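There are 4 protein chains.
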Amino acid sequence: MIRVFICGGSGYTGCELLRILSNHPHVIVTGVTSEKSAGRSVVELFPNLHPYANLIYEPLQVEKILDKADVFFMALPHAQSQDAVHSAFSQGKKVIDLSADYRLKDIKVYQEWYRVPHRYKTTLKKAAYGLPEIYRKRIAEARLVANPGCYPTGAILGLYPALKNKLIDTNTIIIDSASGVSGAGRTSDIRFSHCEANEGFRAYAVANHRHTPEIEQELSLIAKKDIKVTFTPHLAPLDRGILTTIYARLKKDIGTEKILDVYKGLYAGEMFTRVLNRGMFPDVKNVRGTNLCEIGLTVNKRTKTLIVVTAIDNLAKGASGQAVQNMNIMMEFDEMTALDLVALHP
Amino acid sequence: MIRVFICGGSGYTGCELLRILSNHPHVIVTGVTSEKSAGRSVVELFPNLHPYANLIYEPLQVEKILDKADVFFMALPHAQSQDAVHSAFSQGKKVIDLSADYRLKDIKVYQEWYRVPHRYKTTLKKAAYGLPEIYRKRIAEARLVANPGCYPTGAILGLYPALKNKLIDTNTIIIDSASGVSGAGRTSDIRFSHCEANEGFRAYAVANHRHTPEIEQELSLIAKKDIKVTFTPHLAPLDRGILTTIYARLKKDIGTEKILDVYKGLYAGEMFTRVLNRGMFPDVKNVRGTNLCEIGLTVNKRTKTLIVVTAIDNLAKGASGQAVQNMNIMMEFDEMTALDLVALHP
Amino acid sequence: MIRVFICGGSGYTGCELLRILSNHPHVIVTGVTSEKSAGRSVVELFPNLHPYANLIYEPLQVEKILDKADVFFMALPHAQSQDAVHSAFSQGKKVIDLSADYRLKDIKVYQEWYRVPHRYKTTLKKAAYGLPEIYRKRIAEARLVANPGCYPTGAILGLYPALKNKLIDTNTIIIDSASGVSGAGRTSDIRFSHCEANEGFRAYAVANHRHTPEIEQELSLIAKKDIKVTFTPHLAPLDRGILTTIYARLKKDIGTEKILDVYKGLYAGEMFTRVLNRGMFPDVKNVRGTNLCEIGLTVNKRTKTLIVVTAIDNLAKGASGQAVQNMNIMMEFDEMTALDLVALHP
Amino acid sequence: MIRVFICGGSGYTGCELLRILSNHPHVIVTGVTSEKSAGRSVVELFPNLHPYANLIYEPLQVEKILDKADVFFMALPHAQSQDAVHSAFSQGKKVIDLSADYRLKDIKVYQEWYRVPHRYKTTLKKAAYGLPEIYRKRIAEARLVANPGCYPTGAILGLYPALKNKLIDTNTIIIDSASGVSGAGRTSDIRFSHCEANEGFRAYAVANHRHTPEIEQELSLIAKKDIKVTFTPHLAPLDRGILTTIYARLKKDIGTEKILDVYKGLYAGEMFTRVLNRGMFPDVKNVRGTNLCEIGLTVNKRTKTLIVVTAIDNLAKGASGQAVQNMNIMMEFDEMTALDLVALHP
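Protein chains in written order, with this note's numbering: chain A, 9 to 354; chain B, 9 to 354; chain C, 9 to 354; chain D, 9 to 354.
For chains that are exact copies, the list does not tell them apart, and a pair is met inside one copy or across any two.
When the alpha-carbon atoms are kept at most 20 Å apart in a straight line, the in silico EDC-like pairs for lysine to aspartate or glutamate are as follows:
| no. | residue 1 | residue 2 |
| --- | --- | --- |
| 1 | K272 | E52 |
| 2 | K312 | D234 |
| 3 | K232 | D114 |
| 4 | K259 | D177 |
| 5 | K309 | E120 |
| 6 | K312 | D177 |
| 7 | K309 | D177 |
| 8 | K236 | D261 |
| 9 | K309 | D234 |
| 10 | K172 | E278 |
In short, the hints are calculated from the structure, not lab data. It should be emphasised that the depicted structure is a prediction, and the values quoted were computed from it without experimental measurement.
Isolated chain A (complex conformation):
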């Protein structure tokens, strides 16, 4: 039994962490913080979380909480996570950071896109990028894991086999995503009110979304060359889910079946990526509440373009599910523990 503490537990990723961990046989949650909701019970904010009837939000006081746990999940806003991560890490704790603060290895890039300074260059160097399908070994050895962003998870998993096998022209990558509204977090921003989001569909942060450099960093590492991508997120009127449709020009004439073989080969043995058979494409509905990434693909022969479609749950594989997966790896638990989930249908 390990003790787990969650910093920033009043948002949807915190809620999802608690939901998944409620079913984890080796974990006890010893505390959860929230500045705004300090003193209120978790169940008051999230009536679904009835197993945590006695858990009360506390304010984040780093010095007071370090003794309380072995593993810390940081579900804080970016910039606010820097200190908390550094403090826990430097005290020897294992830390999984769900913010963007320790994902970008180049501090200049971080500061350019997030418009805040980064104060912990040395700690940053210790962070493993928490995408197990690529970095499982490093995650197992790390004490600090930077949990990937939701869009990067769907985009990178969709491009990894194609890039690794040099199938595509790296100058032609287009990534078009649609996300459910929970991607905006638990927010009272009127743009995400039911009346404004329901029956709507719109692009946002066109050509300037902050997940762009994270996607580019990882694709560049896979391809061993500098890659720039065009990335457009959209807001879809659903609670959860990210569908990512990826386009890239093929470098040579190769058919759908062969590329499917490449994808199935590289992901063989992976428990959370599922490459669908020819002609099948994923639906975010099929992965809701699960840690799965489903992948479908085809070649458009007329334009020599590879089209890959991936579906994840932005709060699960795109955030808290992957965070638990990373914890399982770091703690040498079975990687599926608490993540052997089946989506509701309908």
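Please arrange chains B, C and D on chain A, whose structure you already have, making use of the hints.
Structure of chains B, C and D alone, referenced to chain A:
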């Protein structure tokens, strides 16, 4: 490890049974039938059910399947369930029938409301009504359980303490329910297409819904007198959930707190009914995918009326979750097994 | 051509007023106020309102605006509307108030339910209750119209013929309503965010909603006796629409057909109430964006209960559509002007 | 007053035609056909269409209907439209065909993509492609107009100024669209049931959607060179609307402002295309029920890619609204007649 077989597994209750059972440590599903989808794999119809990658629908041939399992779930349409239940039951099997065929104890009432004859009067007498909060002991002793309808589950659990304690005038009961679209089943009926149901809200089967006699039978048994109710179901634009708002005139002057005490007292120790604190009312969103029934209530002093609101997931506590709960009781498993579920939020 | 001014135009009722008036051949909108959005253009808040490309929100300064128009729509929050209405009215203007401030004729009742004092007793006495199906003549003669609440509109129109013809026991009236989220207004309250409202259904303000005394006032006037009702509103996951299901015990044995005749008779000649044929019940989807109130009904013979179901669009017949209808009557325009609308389907 | 007849009026485009025409001062609808619903009233299928209380579906018998109208709208499935169009056209009628049958000028391409022969090569040559923003003059002179497909409308209007001004590399065009469920028509196909579509988002017809050759035909005509595109449609959980996100590599270094000028210049004077200001992007919610096409764009400098986003209502500008626009042009009515519509919000 017990062997379980599902007759009628291509509808949403079948899908939900498989979802819940996938997480049951003492159960192996040995087969599932579907006339229309015989030969197809379960995953083809329900991509969410990936743990059943090798399960193929077979046609329902009673003589062939009886050896395959110890427990049979019948998720067949009413009338079609009669034979299958009788055959399995008379061969010594344990049977949980999710259809309406063995719920109504009075064959005349069944025939009047369902417009088909009932051929198995003797078997019918052996059936226990599968609402554990009232009939747990009988269910434990039964080999045939008639799993309650979705609307009756929400209505009866909302009225049970009030009736048992003779708080209300039994001539004044109004039951007003709203159900998600999955209550109509997995159907291609155009009335339940997205374009017709989305952004709509409507009453249906006003004054003549078939769950009425089932509700009346059970309320009458609780009150030990003949009760007639006014019941109106509505179709709400959501996947799952039934919210039931119940009205009844109070027999004497009694306050909200005292009635809450009565409810909390009677349901103390129950694992799936949750009586909310004063001023709180349930939301179907909080019970999605779970076997919970949440209950809130208040007294309208100005009209001396008790208002009780209950929320269930029509596919879970309203069908397949309750069916697994009944199986757990019949097989002497811990009643929570595979049902210790937390709703997604959002 | 008359000049119209809207006080409080940055909410959904203001938006809906502008939408409807954009199609009104005898009206020019000369200004619209908003405290929070003063200086911003209407189209910035509501991109759908492209015909108002040059209309800019201004702060509400009563003395400055009185010369600008002949008719004033007040779409302000309750309590805030009192002054503005009184000022415009006492300067000889015609005023249609969409707030609750001039609906309740008994100041004590207003103060009890709204918890604010009412300062304009004399002006209040001049107000006509703006439900044309009952008070058309008074509205035509009035200079101040209190536009009905959304729930009261659906409830009163559903009960008017039954009460007027003394068909029901006035002690047994239950009113159960479900409203789309726009009923909460254009709000950043997290309870109405997409993630919290979507896929949910819940009761709220159980036994204490502020529309209760308004409903009771009008039903009592129709029945010429004091009536108390039990009223429960629910929040449904849709943009617009209120479905109201009304229950009342019949005083004598009377069939569905005869009651339908009574309803069709009383509403004959009405352009916005549509009594549906036997067996038909309304759907809020069919009245979206229109000024219609659709009514279906049946008798539950087994419980001698009349069940009436009404559907309106809460922003149209339940607010701004009815406000324009009242203006048409006050100004002696054809009552259908700008309201001859057909719902989108789907 | 002209007489209008609709062949195929029981689908959503037929319903939308009737809705729009109900507000057209110069049109009387003299009949509407449906094979499946012959003998039923329009209002029975579409309760929103109350102005057509007396209109009854009749079977399609070409010889009987030709005398009934001056203008024929054909809202039939592809292949079935060929005969009806030819018959009406050859009898001197004006015809607007909403099917795909007369859109593709190359019969081989039609036969390859639609897998049926085309029997009326001569008639086909007479058809004008009904996109008024490009072909207004031809439409005015034509007696047969092939009304564009929904996806092509959004795609072509988004690319027209860029292609006409040779801003983009025509080998790099990616078109990514999301459509509401009404795009699938009024269908009982279970894939479009509420339970299957709600809370889902998926790609379909990847690399083989039949609107591809139509898009390519029109883009090639604009660019005066052969263009192939990669086009991926998605199904979004909303009633109406198509959002199209278009990507193309810029041929030279040019900024967002200059391209916006090009777009605003070319569409100046157009009443139904609205180019949004810099930083603004369209939402399908803002154009629901209207004939508008809203366009936003930006340059991604890092990848030298132009990103254009367009929003239309698939049933309005994407089908029936544009059909009425074409009729207005053909009949020399004001082009805005019956189309001066403002979207509901919310």
